[in-house]
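Novice: Keeping their order, the protein sequence lines are chains A and B. Mapping to this note's numbering: the first sequence position 15 is 15, numbers consecutive. Mapping to this note's numbering: the second sequence position 40 is 155, numbers consecutive.
Calculated directly from the structure, the hints in this document are not laboratory data. Quick caveat: nothing in here was measured; it's all calculated off a predicted structure. Everything hinted at is true.
Result set (DSS-like, lysine-lysine): computed pairs, CA atoms no more than 27 Å apart in a straight line:
#1 A:Lys107 <-> A:Lys44
#2 A:Lys82 <-> B:Lys134
#3 B:Lys134 <-> A:Lys62
Covered stretches of chain A, going by a simulated chain B footprint (3 or more residues, C-beta under 8 Å):
#4 24-36
#5 41-54
#6 77-90
Per label pair, the in silico range of CB-to-CB distance:
#7 A:Val72 <-> B:Lys422: 34 to 44 Å
#8 A:Gln40 <-> B:Leu417: 54 to 64 Å
#9 A:Val72 <-> B:Ile210: 47 to 57 Å
#10 B:Asn129 <-> A:Gln63: 24 to 34 Å
#11 A:Gln63 <-> B:Ala141: 16 to 26 Å
#12 B:Val229 <-> A:Ala10: 55 to 65 Å
#13 B:His259 <-> A:Gln63: 20 to 30 Å
#14 A:Asp47 <-> B:Leu187: 27 to 37 Å
#15 B:His259 <-> A:Asp29: 34 to 44 Å
#16 A:Leu22 <-> B:Arg154: 20 to 30 Å
#17 A:Gly18 <-> B:His259: 21 to 31 Å
#18 A:Pro77 <-> B:Leu417: 33 to 43 Å
#19 B:Glu152 <-> A:Arg12: 25 to 35 Å
#20 A:Ala10 <-> B:Gln241: 35 to 45 Å
We put the CB at the ideal spot given by N, CA and C, even for glycine.
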Amino acid sequence: MTDATEQLNALRLELRRGVVVLAVLSQLDTARYGYSLIQQLTEKGLDIEEGTLYPLLRRLEKQGLLESEWEVGEARPRKYYKISPLGQEVLSTLKAEWFEAAEMMRKILRGDPNG
Amino acid sequence: MASLVERYVHQVGNYLPQKERAEVEAELRSQIQDQLEDRYGESPSATETALVLAELGEPRQMAVSYSGEQYLVGPDLYPTMRMVLRHGWVLVPSIVVFLSVFGALISVRQTNVVNLFFESFGAILQATLWFSATVVAFFAILEHSDVKVNKKKPTFDPLKLPKIDDPRVVDRFEAASGVAAGTFFSLIFLYFLRVGGLTLTFDLTNQVDIIPVPIAWLMLLIVLSFSMNALHLITLIRDFWSAGFWAAQTVFEVLGMVCLYFVLYKPILERLLIANPSLADLVWVVNAPEIIVAVGAIITLLGRGSKLVKLWNTP
Numbered sequence: 001m002t003d004a005t006e007q008l009n010a011l012r013l014e015l016r017r018g019v020v021v022l023a024v025l026s027q028l029d030t031a032r033y034g035y036s037l038i039q040q041l042t043e044k045g046l047d048i049e050e051g052t053l054y055p056l057l058r059r060l061e062k063q064g065l066l067e068s069e070w071e072v073g074e075a076r077p078r079k080y081y082k083i084s085p086l087g088q089e090v091l092s093t094l095k096a097e098w099f100e101a102a103e104m105m106r107k108i109l110r111g112d113p114n115g
Numbered sequence: 116m117a118s119l120v121e122r123y124v125h126q127v128g129n130y131l132p133q134k135e136r137a138e139v140e141a142e143l144r145s146q147i148q149d150q151l152e153d154r155y156g157e158s159p160s161a162t163e164t165a166l167v168l169a170e171l172g173e174p175r176q177m178a179v180s181y182s183g184e185q186y187l188v189g190p191d192l193y194p195t196m197r198m199v200l201r202h203g204w205v206l207v208p209s210i211v212v213f214l215s216v217f218g219a220l221i222s223v224r225q226t227n228v229v230n231l232f233f234e235s236f237g238a239i240l241q242a243t244l245w246f247s248a249t250v251v252a253f254f255a256i257l258e259h260s261d262v263k264v265n266k267k268k269p270t271f272d273p274l275k276l277p278k279i280d281d282p283r284v285v286d287r288f289e290a291a292s293g294v295a296a297g298t299f300f301s302l303i304f305l306y307f308l309r310v311g312g313l314t315l316t317f318d319l320t321n322q323v324d325i326i327p328v329p330i331a332w333l334m335l336l337i338v339l340s341f342s343m344n345a346l347h348l349i350t351l352i353r354d355f356w357s358a359g360f361w362a363a364q365t366v367f368e369v370l371g372m373v374c375l376y377f378v379l380y381k382p383i384l385e386r387l388l389i390a391n392p393s394l395a396d397l398v399w400v401v402n403a404p405e406i407i408v409a410v411g412a413i414i415t416l417l418g419r420g421s422k423l424v425k426l427w428n429t430p
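Just chain B, same shape as in the assembly (with noise of 0.2 Å):
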């Protein structure tokens, strides 16, 4: 476990331009290890340590004091931003995906899901924006009016400085767009199920050409795709993950593989079969929903199972 001191200045460092970082980080060690050993000797204790780390103030504080106290928000008001852009970065994506397509739903011109994916990832990213710009100019104003807010600020705790490299930490750009993917692709599976199968029409009142599809399965990917979605939401909310939430997400995202198999290759390599019976002669043709099945769940095992291990292994 890296020492307080390390934890210390690895967070004033994540405050700080990279190229300054380093040098920073070296200095600011060196300096709190000077100040320690002359009070306490060479071995301080955990508690000597955290009350040398409180009299330096908290991280962001001190990053602040080095680069110039020129801010557009300062570090009363920035935990309070900062939470609200979080919250906001994980609801604006939804509620644009869910009336994208319900607006799509409703509307009389008539679209196709490709369409309507890069309509939607584009409203996300406009909306996105808009909301943090114009949260961060109310708190830039806020910042440099005379109103005071927050003025009863928490003591700073070192001994509660997050890890490095801790396996808990959620990686909240990750997960908001796990939330709104999710939310795109939860409701477009609820329209197959809707319609009866697979199309890429998007008009509930003219439906031709859809590909049938095993419903049990749709549906299964439904509840999955939801669950996973209801987990990443949590998560987002308590700001940490566990085993028990990540091996939870890993199985819920193997067993949507298995049903993308069924709902979605399978379906259309049969309608592909039909449309160029010549291709049945090219082996990996065939086999290709199998593969790509495979294939995703070893990388997905692999990719989440060391950090399952490391969350496992966590206190």
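With the rest of the complex left out, here is chain A (with noise of 0.2 Å):
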């Protein structure tokens, strides 16, 4: 792998990032497991690696922002997270700066005068 493309894949990592953390809170007003969640992303075309997105649940579970319930009635049990009254007013907020950095972002690089 060349210098270039290393550090593109670095740069596009960390663009992600944040967008991920934000798909996952709006995905999760109905509770979900995680491989379903994963299914739900791609289906809008993100695609999230299992290993990426498994650490982050409980991560976001950890802060607050998820609630997760184990349901043990099906063939095995499973972990169903659900976005917390915490992770909603921060999914408002983030979704609201959302918008408002993708316009100015726009703006930027497409070199609108008025931007």
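Reassemble the complex: the two chains are provided individually, in unrelated frames, and hints are given to aid placement.
Specialist: Shown next as structure tokens:
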């Protein structure tokens, strides 16, 4: 792998990091288990690796943004995650900031003279 | 045999703090099974399972992701650091023991074997701590600098994951302390051979109060001590116990106990009975050397025998 590709990959990863958190929070208004969330995100065009998502869910839970519950009534126990009240607050703030930032970046990148 | 998923989950758990382990393991297990079932149905083959696990990445990398990526030495450098530490933990105690005993021999200060033992033990602790701290500090600096090493990482192959409770796994602490203790006692026995018997005085120029011992048994004991050390060292390098090595180590230990009977217990008892003839009336004192050797041999054979059977049955 060349240095330029390596650098590009690192930057891409950095760029995606914040987006993934926002995407995950936005999809958990109904309780989901890890793998079903991956499928949901993939359907919407966001490919996320299992090795990234599973630890992320746990971290967000630790931060109080998600709540979890073990469902034992199924064929095997599954842990379901759902956004918490604090997560809802954070999500609405982040969403507003995301739209603002996206608009700003659109202006910057397209060279809008009113930007 | 535990399934590949269990082996993977177990490895990840090994790198996690105890309080989080069970929860993360349960979660990860269920998530992997969801993924396997979705892709390959209810009975995925080992190759299919390996494919899914390979996508998840190395167990250590996965564990690091769970711990929030706050690490002193990251997953890229950690294996190298661990290798350096492992080798050091074997070499440092042996070198310190050798230097302590050699230093005591050439020193003008008189000392005895008991003092020398405790001094060596303290020196081992101190040197090992310093060595470990220096190595960790070096790798931590390397981790947080811009220097890139080990760019080409070997591809993670889940089929090569270690088995859970594999009897071949080497307890490195036990093996390393075995080498250190073995070096110490081998040198002490060599000293006894040089002076011709047991003594507590560690001074070649002033040999007093020596208890004579059968030299043939003492020589056999020295050979056994060095052989056990060699076995430990080779095992540490190979990083697994084989049934043959374990059996040899067991035989050496039992033989060593028999040698100790002739070289240590019996001569000391004889000296004790000369000093206190009244003790000869106490049956358990008179038979103490035989009892010690018999009990020691039984404990060794029972303790090591079960592992030997497991090793023998491991392909």
